[in-house]
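Work the whole structure out from these sequences, hints included.
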Amino acid sequence: MKKLFTKITIVTCVLASLVFWNSCKDIEEINENFEVEFSILNKTPEINSNVTMRMQNTLSDADRIFITIEKSDGSSTDFTQFKMNVFNMGDHFITSKIALSKGEYNITEFFLLDELGNVIFVAPLESSSMAQNVDIPLPILFYVTEDIIQPVYVR
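Counting in my numbering, the sequence shown runs from 1 upward without gaps.
None of these hints come from the bench; they were simulated from the model.
Please note that a few of the clues may not be correct.
Below, a list of computed lysine-lysine pairs in the DSS-like style, where the Cα atoms sit at most 25 Å apart [as the list claims (entries may be wrong)]: (1) Lys83 to Lys97; (2) Lys102 to Lys71; (3) Lys97 to Lys71; (4) Lys102 to Lys83; (5) Lys71 to Lys83.
Below you can see the structure in the form of structure tokens.
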């Protein structure tokens with residue numbers, strides 16, 4: 001009887017360990033983060049050549065952004081007025097990378113600053129009268145998925 005009890009105890013412990021191990025594995029997969037970076041196009045409207053040239057020169061001074069990212073349900077993330085470095089790639093800029101878990105997100109605030117901290121561009125909200133001056137006004141919906149790079153353009 002004692003041997004049977006010992007065998008049942010060992011089998012129960014093994015099964016409990018397997019269940020616990022699998023449940024921890026599922027939690028890790030749910031909380032897995034993926035690197036995300038943003039691309040800012042250095043594209044200006046063709047108002048006239050003088051205005052276009054001045055705007056492009058101003059944008060070329062970009063040093064960093066402040067960005068707010070919310071989940072698609074409107075709940076906040078760790079990225080509220082979050083500072084990110086910006087790297088000039090000629091015809092566009094890319095930001096430093098951040099880590100987000102899989103899901104749908106919205107960019108709800110976007111400010112481009114020069115190295116002195118002066119705001120040189122603010123992405124307008126969809127409801128703003130300035131929204132007509134950009135290709136995609138805020139909020140900008142984007143997705144974070146596994147093994148797929150989805151560019152998020154702010155123009």
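| task | Hint by hint, work out which the structure violates, then give me just those numbers in ascending order. | result | none
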